[in-house]
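*Asks:* So the protein sequences, as listed, match chains C and G.
In terms of my numbering, the first sequence opens at residue 1 and continues consecutively.
In terms of my numbering, the second sequence opens at residue 1001 and continues consecutively.
Please keep in mind that the hints were generated in silico from the structure rather than gathered at the bench.
Misleading hints may appear alongside valid ones.
Unchecked claim - If you only want the chain G side, here are some residues facing chain C, beta carbon under 10 Å, derived:
1) 1031
2) 1099
3) 1107
4) 1116
5) 1147
6) 1203
Even for Gly, the Cβ is constructed at its ideal location relative to N, Cα and C.
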Amino acid sequence: MTSIQMPQLGETIVEGTILKWLKAEGETIERDEPLFEISTDKVDTEVPSPVAGTVTKILVGEGETVAVGTELAEISSGEDAEAGAAPTGTAASSASGSASDDAGDERPDGGASDVSAPPVPTAPPAPAQPAAPAALQDRGPRSQILSPLVRRLAEEHELDLSAIAGTGTGGRITKSDVMQAVASGGGGTAAEPVGASKAAAPAVTPPSVGVAATADETVEPMSHIRKAIATHMLASVNETARAWTMVEVNVEHLVRLRERAKDAFLAAHGVKLTYLPFVVRATVDALGAYPQVNSRIEGDDVVTPRAVHMGIAVSYDAGLIVPVIHDADVMNSVGIARAITDLASRARAHQLKPDEVQGATFTITNPGPYGSLVSVPIINQPNVGIISLDGIQRRPVVVEDDAIAVRSMVYVSMSWDHRLIDGEIATRFLARVKQSLETWDFAEDLGV
Amino acid sequence: MPRHTWLLEPPGHVPYAVANEAMHDLAERRLAGTTPDSMILLEHAPVFTAGRRARPEHLVWSEEQASAFGAEVHRIDRGGSFTFHGPGQLVGYPILHLGPRPDAAVYLRRLEEAIIRAGVELGVELHRRDDVQTGVFAGDDKVCAIGVRLMRTRVTLHGFAINCDTDLSWFRGIVACGLPDNGVTSLSSLLGRDVTVEEVRPIVRRTLARVFDLDYEEAPADELEPFGSPLVA
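Starting from the given sequences, assemble the full structure and let the hints guide the process.
*Replies:* Next comes the structure, spelled out in structure tokens:
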């Protein structure tokens, strides 16, 4: 028997509405024949059966909205039953198998394997998260993304959705929230958001007793975020085979460009122009050229996302957090500059949404503004590497024709995980970042 | 590695039903693995289409009124509400296989990104809106509608429609995308000059290629046949 679950059609899509069952209980179905249609808040699709067999049970009715991974139906396949195959697990394991086999480009001739991929995989394993984000409560405005069902219910009952506390993932308003609000006369339920409490820091232990404050010292319990950062950092040091490589980059032309363009850039885009967007852009390019640096270890597999989700380390009052520029590989420097400013300012205002601190495929830290010359960062697991952009310095260097001149120079270095990549790749990767920073004409990218 | 992609640019004003059928046919074959990815770029004859979330009251004109003005009304299988397609609007139907782990949200964001980049090249600042699922806006006004469906969760159907020099009075016939408070605009209105589909087409073609990493090849001539011969004005 095979259990059919609500498929995950994207990392940010957490639920779906059953529009229509295309098969009734008792009907037979072929493998890859459409079984039901769903509507998510992004897109509609029909979902095919991963196996041939008979629909034995339909568990969720049309019009109902359920979370990704919810069991929707059961299909018994004659062969499976005779062979005594395990339920549920089969679909999931072959799905992940085909995903890793078939991460490459689709070709009509060679890409047949994807056609046979079971379409109802369990949710892809969420990459292990930086600890700091896990401790961040979503204090910002709740996501306005509503399921079609919730929207319809709210309209029917003329509810003010802004007055309802969402208990779904990420503080989203669910059907039961709406029903509860209806039952309580349309007022806001005071329920504590489940998403937030789920995301709360791990073990909450009371401050240790036995250490008493004296006149010479103060004693304060560690904050949850501090503890989470501690755990995450220590785990990274324990688990990764960290190595470190540094290059020196001549950023003379970037310094000049920034001086020249910063006022116009601020006027045009409302954000300050820093050096970080240039480094993000060059790093994204290098990740495209060396995708293994964008990968992660999962069990005995190497998982390499095609998109680049760039984590940017941001310090704020509670500690350190790594908001993520999703799909940084499709952004130009202007988009990146805006995203950095937006994420950093909302991080400092404690207004990041859970999605925005998850899923980094690589991380950049930028201690330069604080005056560092060289830093050796700890890898933000499960990433392979983390780049540190340190401080830009005017110093004498040897230029063309063996002359000595004063140039703006910076050290760009990377801590990398020797379990996954070796020195050659790490060094070529950094050399590409260096070359891009030294030779690209970012003026065009900035539109100045 | 770039995606090998057929480029289909049927000429003239293609009737909606014809393009819809050809698109589904291409998607079926893409799913079966007998054709590569495709990018269809075209202009439609006037038509109102109703997505699955379309509510009857969002069609301001009656169907009879609409047809009196020369527009058809079609109910179709994409998500979203009502929209209008017609002359002066560049419509794109990417038929792309999203692979074994399709991410619909990322796909939509990339479509938007391609349009936003085209805006940059044309000199107009476009953006997404956090409170609206899809589409590309200038200020509060929508300049590009996006509505997508997946075939068997894997191959994309439908796509985007960017107003170049569309006659915007057509949009009075509907509450566009179910958003009564939003206006609709066009690149021509935004730039204060006539911006034609033919001016926008190569730009969008290029930004789509960059965002989705497409390597275009002109589709075999017989693939254009289902779209019919151009209507001669």
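*Asks:* Go through the hint on residue 1116 (chain G) and say holds or violated, using the shortest Cβ distance to chain C against 10 Å.
*Replies:* holds (8 Å)
*Asks:* Does residue 1099 (chain G) pass the interface check with chain C, least Cβ-Cβ distance below 10 Å?
*Replies:* With a minimum Cβ separation of about 6 Å from chain C (threshold 10 Å), the hint on residue 1099 (chain G) holds.
*Asks:* Hint check: is the beta carbon of residue 1147 (chain G) less than 10 Å from a beta carbon of chain C?
*Replies:* holds (9 Å)
*Asks:* Quick one, is the residue 1107 (chain G) hint okay against chain C at 10 Å, beta carbons?
*Replies:* Holds: closest Cβ of chain C sits about 8 Å from residue 1107 (chain G), inside 10 Å.
*Asks:* Less than 10 Å between beta-carbons is the criterion; does residue 1203 (chain G) satisfy it with respect to chain C?
*Replies:* With a minimum Cβ separation of about 15 Å from chain C (threshold 10 Å), the hint on residue 1203 (chain G) is violated.
*Asks:* Would you check whether residue 1031 (chain G) satisfies its interface hint, that is, whether its CB is within less than 10 Å of any CB in chain C?
*Replies:* With a closest approach of 7 Å, the residue 1031 (chain G) hint holds.
The earlier numbered hint that this structure contradicts is number 6, and it is the only one.
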